[in-house]
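Protein chains: 2
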Amino acid sequence: MDLDLFSDVGELTARLVDAESVSGNEGPLTDAIEAALGQLPHLKLHRDGNAIVARTELGRSQRVVLAGHVDTVPTAGNVPSSVRDGLLYGCGSTDMKSGVAVQLKLAALVTEPVVDISYVFYDCEEVESHRNGLLRLSRNSPDQLTGDFAILLEPTGGVVEGGCQGTLRAEISTKGERAHSARAWMGHNAIHDAGAVLDVLRGYEPRQPEVDGLVFHEGLNAVGISGGVAANVIPDRCVITVNYRFAPDRSADEASEYILDLFREWEVEVTDVAGGARPGLRHPAAQSFVAAVGGTPRAKLGWTDVARFDSLGIPAVNFGPGDPLLAHTKDEHASLSLIAECESKMLAWLR
Amino acid sequence: MDLDLFSDVGELTARLVDAESVSGNEGPLTDAIEAALGQLPHLKLHRDGNAIVARTELGRSQRVVLAGHVDTVPTAGNVPSSVRDGLLYGCGSTDMKSGVAVQLKLAALVTEPVVDISYVFYDCEEVESHRNGLLRLSRNSPDQLTGDFAILLEPTGGVVEGGCQGTLRAEISTKGERAHSARAWMGHNAIHDAGAVLDVLRGYEPRQPEVDGLVFHEGLNAVGISGGVAANVIPDRCVITVNYRFAPDRSADEASEYILDLFREWEVEVTDVAGGARPGLRHPAAQSFVAAVGGTPRAKLGWTDVARFDSLGIPAVNFGPGDPLLAHTKDEHASLSLIAECESKMLAWLR
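For the record, the sequence lines run as chains A and B. Numbering follows the numbering used here, in which position 17 of the first sequence is assigned residue number 17; successive positions increment by one, without gaps. Numbering follows the numbering used here, in which position 187 of the second sequence is assigned residue number 187; successive positions increment by one, without gaps.
In case anyone wonders, no lab produced these hints; they're calculated from the structure. The reader is advised that the hints may include incorrect statements.
Each pair may be met inside one copy or between any two copies, as identical chains are not told apart.
Cut-off 25 angstroms, straight-line C-alpha distance, at most; resulting in silico cross-link-like pairs (SDA-like, lysine to any residue) [what the hints assert, rightly or not]:
#  : residue 1 : residue 2
1  : Lys330    : Ser61
2  : Lys330    : Asp4
3  : Lys175    : Pro41
4  : Lys345    : Asp4
5  : Lys44     : Val270
6  : Lys175    : Ala231
7  : Lys44     : Asp331
8  : Lys345    : Ala285
9  : Lys330    : Asp236
10 : Lys175    : Ser82
11 : Lys330    : Gly187
12 : Lys330    : Ala231
13 : Lys330    : Arg202
14 : Lys330    : Asn232
15 : Lys175    : Ser138
16 : Lys175    : Arg202
17 : Lys175    : Asn25
18 : Lys330    : Leu262
19 : Lys330    : Ala179
20 : Lys175    : Leu5
21 : Lys175    : Leu87
22 : Lys345    : His42
23 : Lys175    : Gly38
24 : Lys175    : Arg237
25 : Lys345    : Pro113
26 : Lys175    : Val200
27 : Lys175    : Ala196
28 : Lys175    : Val159
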């Protein structure tokens, strides 16, 4: 597979889509990216498994990280790509091979950027977080990820989305006492008690704090419930799984404390928590970026890898040409004009 | 296997327990019962699979049915039987081989009863109702089950328990709309909506109607709940399974209507309903029985096969020497003195 980094960015996106790279199978595409970047004398390459970092080393006063994952969710009969009415269809077209194509174009065209740039291409973003290539890079070679500001080219529809919210999962259990359902008063119904847990959820008022100038929107929801022993038995246990999405002015620990306190009447186990990321839009590099690409930045509500940059102390935003609502759909597609616009705005900023 | 119907009733119960007869495997025990009853010239036998009816035909003005199932739940290392401190231990000792032993003793000893008697021994009571031997008999040979009054020798601790409550199961579904849990307000949480269903259950006040002189006690409980799509998805469906135990002054249809109306805001499917049975204690044969065995009759709350007699138009009560709270336990046991007392009271009534 040969990638021509000097072809049109839409054409390059199509070639990337055609190179199927479902999580775990990024090898051939990564090899092709490495080979193409290896032709560019202004970049220094580092490879770690199926992740690549390509850096300029011009001694600029600031360094920007441009990152994107090369893997996709499983295909759904939507490879190879096709073009209709100015839209490029295919698995990964929006999430996020159009963003990766923009990264590759910038890497090829901007030989003398105003800031130093680290281009990061990584694997396994669409699967369990312990397999994430950016996490692996941050552990194996943290020096490859240093920078003053990071842009993740995840789909945002060409709007700057700052930071991201954290996410926490907890299991809340009610306890009862079994009895035959013909003599229910001999026991205690744990499913009925779950009603009081649902009362807390129904009465929840989401915080919508402003963080670094962007308004976030929290959420607290039951995403699962289960209880019951047998059709004639008063149940002695009911478990409600809740998902708390919290704004980045609250740490993972603070989010856990909040949930433990909110459900203090019951047994609560926090099973999973990942902190969010502050928008970082007050950083000079971020401000010049926002001024260059235009539009009004908004808060990113879903959790993304910007949180990993945040945990490395690097402010980060999401900005990419894909449409986030089309990610992971069979009908996934991206606007060729938006991809080109994204490329030209970033070119103008970096040159 | 030989059964000596002239041995002591406790001894006979022990032999019945030793003859393992888990539902579906009642053949050898039924053969032994048939052989033993076949020795009694005052009885006329009818066999249907592993069910036997043995009738006196003395032209009495009234006929009483004495019924019991010969099967047990699966054994739990509690066969053969053993005796300690006046208690007979073993699978089926309480539910209900002690009752069957009393039936067999009466069959052998009461050659000239004051009423005609139909002794019914049947299979598969402890499993799905469509396999029930009494149901099969009622369809194949309804003439074998005619009578003015029926006694089911199920465990009641030697107290007359009249009638039984009906039981209904229904699934109540709430509907929502899926969305990513990071943007919960784009969807609608069906699990949160289940809170209102649980509110109805938490606010439910059980009826305790008096029926034919006995006080029943209804119950309405969630026995199961399930909902949830994935840990990051707002769920679009939650299903609550409820079990309604209703007094016998309400028919199965009335019970269904009550539930459909109570949960009219939601989708409700009645998945299973079995009507109860009125106590029938106003019948002369029932009154003479109660006078003979003494004690204060109480309402039977769990569903039993008395409901099948009720549907055949025969008033029926439960009365047996076993302890209902020990039924289906590994530690199942029955009091030898209570078994003997039950036998002697019924002998006194029938002679």
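Results of checking the hints against the structure:
{"no.": "1", "hint": "Lys330 x Ser61", "result": "neither (44 angstroms within a copy, 78 angstroms between copies)"}
{"no.": "2", "hint": "Lys330 x Asp4", "result": "neither (27 angstroms within a copy, 75 angstroms between copies)"}
{"no.": "3", "hint": "Lys175 x Pro41", "result": "neither (66 angstroms within a copy, 59 angstroms between copies)"}
{"no.": "4", "hint": "Lys345 x Asp4", "result": "within (21 angstroms within a copy, 100 angstroms between copies)"}
{"no.": "5", "hint": "Lys44 x Val270", "result": "neither (43 angstroms within a copy, 69 angstroms between copies)"}
{"no.": "6", "hint": "Lys175 x Ala231", "result": "both (18 angstroms within a copy, 23 angstroms between copies)"}
{"no.": "7", "hint": "Lys44 x Asp331", "result": "neither (37 angstroms within a copy, 76 angstroms between copies)"}
{"no.": "8", "hint": "Lys345 x Ala285", "result": "within (15 angstroms within a copy, 97 angstroms between copies)"}
{"no.": "9", "hint": "Lys330 x Asp236", "result": "between (42 angstroms within a copy, 21 angstroms between copies)"}
{"no.": "10", "hint": "Lys175 x Ser82", "result": "neither (55 angstroms within a copy, 37 angstroms between copies)"}
{"no.": "11", "hint": "Lys330 x Gly187", "result": "between (49 angstroms within a copy, 21 angstroms between copies)"}
{"no.": "12", "hint": "Lys330 x Ala231", "result": "between (40 angstroms within a copy, 21 angstroms between copies)"}
{"no.": "13", "hint": "Lys330 x Arg202", "result": "neither (34 angstroms within a copy, 44 angstroms between copies)"}
{"no.": "14", "hint": "Lys330 x Asn232", "result": "between (44 angstroms within a copy, 19 angstroms between copies)"}
{"no.": "15", "hint": "Lys175 x Ser138", "result": "neither (43 angstroms within a copy, 43 angstroms between copies)"}
{"no.": "16", "hint": "Lys175 x Arg202", "result": "both (21 angstroms within a copy, 15 angstroms between copies)"}
{"no.": "17", "hint": "Lys175 x Asn25", "result": "neither (45 angstroms within a copy, 39 angstroms between copies)"}
{"no.": "18", "hint": "Lys330 x Leu262", "result": "neither (39 angstroms within a copy, 42 angstroms between copies)"}
{"no.": "19", "hint": "Lys330 x Ala179", "result": "between (48 angstroms within a copy, 17 angstroms between copies)"}
{"no.": "20", "hint": "Lys175 x Leu5", "result": "neither (61 angstroms within a copy, 50 angstroms between copies)"}
{"no.": "21", "hint": "Lys175 x Leu87", "result": "neither (54 angstroms within a copy, 35 angstroms between copies)"}
{"no.": "22", "hint": "Lys345 x His42", "result": "within (21 angstroms within a copy, 105 angstroms between copies)"}
{"no.": "23", "hint": "Lys175 x Gly38", "result": "neither (61 angstroms within a copy, 55 angstroms between copies)"}
{"no.": "24", "hint": "Lys175 x Arg237", "result": "both (5 angstroms within a copy, 24 angstroms between copies)"}
{"no.": "25", "hint": "Lys345 x Pro113", "result": "within (14 angstroms within a copy, 105 angstroms between copies)"}
{"no.": "26", "hint": "Lys175 x Val200", "result": "both (17 angstroms within a copy, 20 angstroms between copies)"}
{"no.": "27", "hint": "Lys175 x Ala196", "result": "both (12 angstroms within a copy, 20 angstroms between copies)"}
{"no.": "28", "hint": "Lys175 x Val159", "result": "neither (47 angstroms within a copy, 34 angstroms between copies)"}
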